[in-house]
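K.L.:
Now for the letters of each chain:
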Amino acid sequence: MRAKLAGWMFAGPALLALAVFFFVPVAAAFLLSLTDFDIYAVASRENVRFVGAENYLRLLQTPLFWKALGNTAFFVVIGVPLSVGTSLGTALLLDAAHAKLQGFFRTALFSPVVTTLVGVAVIWRYLLHTRYGLINHGLELLGLRPVDWLGDPRWAMPAIVLFAVWKSFGYNMIILLAALQTIPEELYEASRLEGASAVQQARMVTLPLIAPTLLLVSTLTMAGYFQLFAEPYVMTQGGPLQSTTSVLYFMYDEGFKWWNLGSASAVAFLLFAIILAVTAGQAAAARRLRWSEES
Amino acid sequence: MKRAAVHIALGVIALLTLAPILWMVSVSFMSPGEAAASPPPLLPREATLGNYRQLLAQAGMGRAFLNSALLATCAALLSLAFNVTAGYAFAKLHFTGRDRIFRGLLAALVIPGQVAMIPVFLMLKSAGLVNTYLGVLLPAMAQVPGIFLVRQYAVSVPDSLLEAARIDGAGEGRLFRSIVLPSLAPILVTLAVLSFLGSWNDFLWPLIVLADDRLYTLPVALASLTREHVPDSELMMAGSVITVLPVLALFLLLQRYYIRGLLAGSVKG
Numbered sequence: 001m002r003a004k005l006a007g008w009m010f011a012g013p014a015l016l017a018l019a020v021f022f023f024v025p026v027a028a029a030f031l032l033s034l035t036d037f038d039i040y041a042v043a044s045r046e047n048v049r050f051v052g053a054e055n056y057l058r059l060l061q062t063p064l065f066w067k068a069l070g071n072t073a074f075f076v077v078i079g080v081p082l083s084v085g086t087s088l089g090t091a092l093l094l095d096a097a098h099a100k101l102q103g104f105f106r107t108a109l110f111s112p113v114v115t116t117l118v119g120v121a122v123i124w125r126y127l128l129h130t131r132y133g134l135i136n137h138g139l140e141l142l143g144l145r146p147v148d149w150l151g152d153p154r155w156a157m158p159a160i161v162l163f164a165v166w167k168s169f170g171y172n173m174i175i176l177l178a179a180l181q182t183i184p185e186e187l188y189e190a191s192r193l194e195g196a197s198a199v200q201q202a203r204m205v206t207l208p209l210i211a212p213t214l215l216l217v218s219t220l221t222m223a224g225y226f227q228l229f230a231e232p233y234v235m236t237q238g239g240p241l242q243s244t245t246s247v248l249y250f251m252y253d254e255g256f257k258w259w260n261l262g263s264a265s266a267v268a269f270l271l272f273a274i275i276l277a278v279t280a281g282q283a284a285a286a287r288r289l290r291w292s293e294e295s
Numbered sequence: 001m002k003r004a005a006v007h008i009a010l011g012v013i014a015l016l017t018l019a020p021i022l023w024m025v026s027v028s029f030m031s032p033g034e035a036a037a038s039p040p041p042l043l044p045r046e047a048t049l050g051n052y053r054q055l056l057a058q059a060g061m062g063r064a065f066l067n068s069a070l071l072a073t074c075a076a077l078l079s080l081a082f083n084v085t086a087g088y089a090f091a092k093l094h095f096t097g098r099d100r101i102f103r104g105l106l107a108a109l110v111i112p113g114q115v116a117m118i119p120v121f122l123m124l125k126s127a128g129l130v131n132t133y134l135g136v137l138l139p140a141m142a143q144v145p146g147i148f149l150v151r152q153y154a155v156s157v158p159d160s161l162l163e164a165a166r167i168d169g170a171g172e173g174r175l176f177r178s179i180v181l182p183s184l185a186p187i188l189v190t191l192a193v194l195s196f197l198g199s200w201n202d203f204l205w206p207l208i209v210l211a212d213d214r215l216y217t218l219p220v221a222l223a224s225l226t227r228e229h230v231p232d233s234e235l236m237m238a239g240s241v242i243t244v245l246p247v248l249a250l251f252l253l254l255q256r257y258y259i260r261g262l263l264a265g266s267v268k269g
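If you read the sequences in order, they're chains A and X.
If you're matching positions, the first sequence starts at 1 in my numbering and goes up one per residue.
If you're matching positions, the second sequence starts at 1 in my numbering and goes up one per residue.
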């Protein structure tokens with residue numbers, strides 16, 4: 001009895017805070033998305049009208065929303081495999097490194113993760129500068145022609161992908177390295193004794209054992225990459241020609257530049273629905289391939 | 001032989017990874033306009049602190065630094081106050097619906113935080129808290145990953161220890177202070193570091209809530225600097241150094257705790 005009361009006393013404040021600042025607002029956001037809440041409603045609540053699914057239907061007819069969705073999809077489809085692939089590659093290298101050097105390299109490769117996104121985005125804006133940037137200078141040394149990274153609609157999103165991979169790969173690298181280190185050495189010994197080559201070993205021992213972790217980090221990374229915002233906000237302001245306007249960027253402009261808060265809430269819910277559908281789809285595919293731990 | 005190749009590959013990748021950060025530090029000491037040359041210079045001809053002086057005097061970055069430090073410290077303290085008690089309760093105290101509530105919290109992690117932002121903004125606006133420090137801090141007081149982190153660690157506190165103290169007549173509050181908190185010490189450091197860094201690096205929410213540039217945090221101040229004017233790259237790099245280096249230093253100092261938090265959230269999850 002006493003413990004029960006104590007439980008509520010200890011968990012209560014956090015649960016109350018989560019209810020007030022998360023769960024109720026999420027429900028409110030859904031209701032808001034069914035209204036025409038705009039700048040006039042910010043002044044006086046009497047100006048709010050219930051409009052049903054009108055915000056959603058209008059969004060689906062807004063070319064810029066589709067463009068933002070396409071840009072975000074490009075960022076996810078190219079960025080996530082590139083990021084997770086880099087994480088896996090570096091984790092494998094670290095796993096093979098000498099124990100004394102491993103710590104140093106791990107810290108070095110991980111450091112971009114803890115940096116402030118806005119701060120390093122500013123650096124990359126200059127690294128990607130057409131005339132004075134180090135990246136184009138590097139291309140020049142390789143005999144390639146300079147690229148107008150952030151000024152060319154074809155290159156702006158790939159440049160942001162490059163930056164995002166640099167910023168985030170260390171995170172999954174640490175998790176994959178931990179997974180690699182749980183594989184017992186005996187398994188490798190046994191497969192070597194049976195004459196397995198390095199490639200066979202990777203396919204028969206390493207991959208199956210880290211597959212659940214690989215799936216988990218891919219899913220989490222994907223959910224995170226759908227929430228692209230600060231990179232285009234700082235590096236390109238959504239341009240050029242709206243080629244880097246992401247769904248969240250669109251939501252931010254809709255909500256906090258034009259004060260169409262009803263419509264912006266609808267954007268947030270559509271993004272949520274897309275993330276949910278994609279992650280659920282990935283989980284289902286994994287179950288079919290028997291990759292996840294539950295099966 | 002194979003190991004040497006591994007080390008060379010890692011060395012090259014580490015250099016490429018650190019290059020942007022090293023270049024930032026180097027350019028921040030260059031004179032105005034010096035970096036805008038082809039080929040781009042790697043080191044300053046003559047190191048100067050001019051950019052830092054100008055940044056602190058004119059661009060309000062000194063104030064932004066203090067805002068960031070204050071908000072991140074408060075965010076870490078609030079996170080400790082709310083998440084530690086809750087994490088302990090979910091691990092060790094039996095109350096009605098506990099496991100169902102906990103599963104519900106974990107399931108809610110699929111909801112992107114941005115969904116709640118607009119109603120929270122309206123709520124804070126009617127409470128007069130938009131454009132205040134409190135407006136930045138309140139929504140992040142309790143966080144599910146923080147509760148989860150503490151719970152996973154608190155599960156390993158032996159029940160016998162708690163029961164013995166209860167039999168000795170210790171109240172739940174004293175029990176928490178004198179037995180639970182000391183045994184949770186390492187995870188408290190982890191939670192504090194993660195919360196501090198999370199608050200320092202946060203961008204979208206302070207951008208929405210703070211309108212007055214005297215209240216800006218470093219990321220918001222830096223972003224507004226890039227969007228409104230087109231200042232010298234040397235000055236901007238000094239701004240980046242002020243923003244990035246403190247958290248990088250904190251990470252290097254408390255790396256062990258940070259990595260523990262990162263792994264606790266993912267490997268078992």
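Source of the hints: derived by calculation from the structure; they are not laboratory data.
Worth double-checking, as some hints may not be accurate.
Residues of chain X clear of chain A, computed beta-carbon distances all greater than 10 Å [unchecked claim]: (1) Arg-3; (2) Val-27; (3) Ser-31; (4) Cys-74; (5) Leu-215.
Derived, one-sided and incomplete: chain A residues facing chain X with beta-carbon distance under 8 Å [stated by the list, open to error]: (6) Gly-239; (7) Pro-240; (8) Leu-241; (9) Leu-270; (10) Phe-272.
Facing chain X, according to a computed beta carbon distance under 8 Å, are these residues of chain A, among others [said to hold, decoys possible]: (11) Phe-10; (12) Ala-96; (13) Ala-99; (14) Phe-269.
The beta carbon of each residue, even a glycine, is placed where N, CA and C say it ideally should be.
K.L.:
Next step is simple, just say for each hint if it's right about the structure.
P.N.:
How the hints compare with the structure:
1. Arg-3: violated, 6 Å
2. Val-27: Given a closest Cβ separation of 8 Å, the condition is violated.
3. Ser-31: holds, 15 Å
4. Cys-74: holds, 14 Å
5. Leu-215: With a cut-off of 10 Å, X:Leu-215 remains clear of chain A, as the shortest Cβ separation is near 16 Å.
6. Gly-239: Violated. Min distance 12 Å.
7. Pro-240: violated, 15 Å
8. Leu-241: Not OK, violated: A:Leu-241 not within 8 Å of chain X, min 18 Å.
9. Leu-270: Status violated, d = 10 Å.
10. Phe-272: Holds. Min distance 5 Å.
11. Phe-10: Holds. Min distance 4 Å.
12. Ala-96: OK, holds: A:Ala-96 within 8 Å of chain X, min 5 Å.
13. Ala-99: With a closest approach of 11 Å, the A:Ala-99 hint is violated.
14. Phe-269: Since chain X brings a Cβ to about 7 Å from A:Phe-269, closer than 8 Å, the hint holds.
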